[in-house]
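Q: Here are the chains, one letter per residue:
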Amino acid sequence: MKVDFNIDIHHLPRVEGHGNIHISVKEGKLADATWEVIETPRFFEMMLRGVSAERASFLTSRICGICSISHSLASIRALERAMEIEPPKAAEAIRLLAMHGETLQSHALHLFFLAAPDFLDMPSAIPILHSHPEIVKAGLSLKELGNEMSIATTGRATHPVSLVLGGVSKAPSKQRLKELKEMIMKRRPALDKATDFFRTLTIPEFVRETEFISLRNGKDYPFIGGDLVSTDGVVRDENDYLQMTNEYLVDFSTSKFTRLSRQSSAAGALARFNNNSRLLGHHAHEVAASFGLEPVCHNPFMNNIAQLVECHHIFENAETLIDLLLDDDLLEIRTSYKPKAGAATGAVEAPRGVLYHHLETDDNGKVVKADCIIPTTQNNANIHYDLHALAAEAVKEGKTDRETEKLCVMLVRSYDPCISCSVH
Amino acid sequence: MNHLGFKIGKMKIGSFDFTCCEGCQLQLANKESTLPDFLGLLDVRNFREISSEQHDDYDIALVEGSITRSDEIERLKAIRAQASVLVAFGSCACFGGVNSLKNRIPEGEAIKGVYGDKKIDTMPSTKISDIVSVDFMVPGCPVSKEEVERIVVGVVTRSLNNLPKYPVCVDCKQRLNTCLFDLGEVCLGPVTRAGCDAVCPSGKTACLGCRGPADDINFSSFLQLVKEKGLSQDEMREKLTFYNGFADYLDHES
Chain A
1 MKVDFNIDIH HLPRVEGHGN IHISVKEGKL ADATWEVIET PRFFEMMLRG VSAERASFLT
61 SRICGICSIS HSLASIRALE RAMEIEPPKA AEAIRLLAMH GETLQSHALH LFFLAAPDFL
121 DMPSAIPILH SHPEIVKAGL SLKELGNEMS IATTGRATHP VSLVLGGVSK APSKQRLKEL
181 KEMIMKRRPA LDKATDFFRT LTIPEFVRET EFISLRNGKD YPFIGGDLVS TDGVVRDEND
241 YLQMTNEYLV DFSTSKFTRL SRQSSAAGAL ARFNNNSRLL GHHAHEVAAS FGLEPVCHNP
301 FMNNIAQLVE CHHIFENAET LIDLLLDDDL LEIRTSYKPK AGAATGAVEA PRGVLYHHLE
361 TDDNGKVVKA DCIIPTTQNN ANIHYDLHAL AAEAVKEGKT DRETEKLCVM LVRSYDPCIS
421 CSVH
Chain B
1 MNHLGFKIGK MKIGSFDFTC CEGCQLQLAN KESTLPDFLG LLDVRNFREI SSEQHDDYDI
61 ALVEGSITRS DEIERLKAIR AQASVLVAFG SCACFGGVNS LKNRIPEGEA IKGVYGDKKI
121 DTMPSTKISD IVSVDFMVPG CPVSKEEVER IVVGVVTRSL NNLPKYPVCV DCKQRLNTCL
181 FDLGEVCLGP VTRAGCDAVC PSGKTACLGC RGPADDINFS SFLQLVKEKG LSQDEMREKL
241 TFYNGFADYL DHES
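As given, the protein sequences belong to chains A and B, one line each in that order.
So the first sequence is numbered by this note's numbering: it starts at 1 and just counts up by one.
So the second sequence is numbered by this note's numbering: it starts at 1 and just counts up by one.
Treat the hints loosely; a few may be bogus.
[Stated by the list, open to error] Taking lysine-lysine and the DSS-like style, the derived pairs with C-alpha atoms no more than 25 Å apart in a straight line are:
hint : chain 1 : residue 1 : chain 2 : residue 2
1    : B       : K204      : A       : K89
2    : A       : K89       : A       : K219
3    : B       : K31       : A       : K174
Keep in mind that the hints were calculated from the coordinates and are not lab data.
Sequences are here, hints too, so could you generate the full structure?
A: This is how it looks when you write it as structure tokens:
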């Protein structure tokens, strides 16, 4: 039977920001599939001009309500590299712990509140609170732990207070660090429960080969700085981010698109895993294997599982970082500096993938030029072409419009897009 | 549900975002330990960020973000027409927020700087109350969940709701922090509305005024203080304009 149908989803729910999906099927064949970003632009790159280096990270953190710590640290890293400021070791450990907190919070929010309802055929996590209370509670308990890590290290869960140029303005107390360590240990059962729950879900089987881009430093599972690498073998210096992204405009989106060696590429947990899986903690590695997650995995729905694996890594690594901080006297946490002219890139692994801020300063340390390239911007093209391939496959298999629609929204949500961020 | 022997209903709520980072709405899902109880007070009718179930029979609308595009005006007016109570939620909604920093740049220049020759629909960032009437303001970047909980409980139990009238300095002193002025920094604590538990100065960074002016502030005395301490006027101006909360005072000064 040759079917005709259109899928038009305006302001896709359960994602951050505003995006639309359009699918058109004519006489049993896919005619069109579009990922349309219609978010209002805020022009952060222009707002940054004239802002002091000291204040810049307080402005860029406002690009995103979910990954404000990543934005803050990308700006700080760019400016520290531009002005040759060396933050103390303890401050670096505090910053990494802050990133872990943000990633855990963000992954838990996505996995339990945004993604899980699809797998259980529910409109949101609120009814799941009644049908599977222990699962939502486990998710909340992980999210709370992530937020507690961010509050302890930066003063607040969203829009960090104490991340500053040259280090951090305040270190967590030893008492707070000990409490945090205990909290991590106590919440392991919640993570195991969450992991068991994800084992019961059916992850759609869909593969479209693509190129995965992330940071890599060869020592740690990446979060702050390093080489820019891809699964197609590209390796570039952090400052050469423009050659990694090649941004271009499309007429149906207020967010730009990017590409590298292929038509599109992907960033995020799955990309980090595909480029760095051997650097994961021992237990995280085992969890990945138990889900059959192996590099290079080209199923975008497995990004959910890669996020879960990263939660395990964060549990392991956060404990190591806390031990390191407990052994430090925490007296040297901030380096003083003199503003000067310079330009550099700060790249960090935000929860949704590699994030670049490139900042240029004048002699007084005022920002004269800014460029921010967001993970979701780097995923837009991949989402767009994945939608096309997935819808074509669904139609070929004779799936109905409702079945096709469900798969398409699940696909977009698997990328955990942060749309306001991508438009900034 | 009963409260002090009176039967109370759930609050039919909608949460909407305009030009913003969605960080204020995200705070609604924070403070996880009390979240199930908090949700118990609410009948969430429309909240796109967390639910695909959307109805238009909400009584109370939380509106996050500022207005920067013509289609947002129509959407906001429709929400106003439906809601009995419209709450400006966060600094972007209350004052225009950091988005207002783009208003310093000529529109054409901003578009060209980011998009080149592509046609982009945008207008100067405006606060919600410039477009529709606002019943209550919850300032903050982001809003504080503790304060939101207090306000929601107040609305549900029909008790009094007020933001603190005094400045951040009062809370900061109670937390026994070293004054940032004594460390040579301009801090907006003396003029900014309290209610955030002085979170920024407690983390040893200056208050940037995200909650806007407190009631009856002595603005000229604040300007005098910065002058007397010999602190940078440039730094003070950057801080006062950060969230656009002091626009009226600055207009008055100049």
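Q: Is the hinted pair K204 (chain B) and K89 (chain A) satisfied, with a Cα-Cα distance of at most 25 Å?
A: 20 Å, holds
Q: Can the restraint linking K89 (chain A) and K219 (chain A) be considered satisfied, given a maximum Cα separation of 25 Å?
A: 16 Å, holds
Q: Does K174 (chain A) sit within 25 Å of K31 (chain B), going by the straight-line distance between their CA atoms?
A: The given pair, whose Cα atoms are some 23 Å apart, holds under the 25 Å limit.
Checked against the numbered hints above, the structure breaks none of them.
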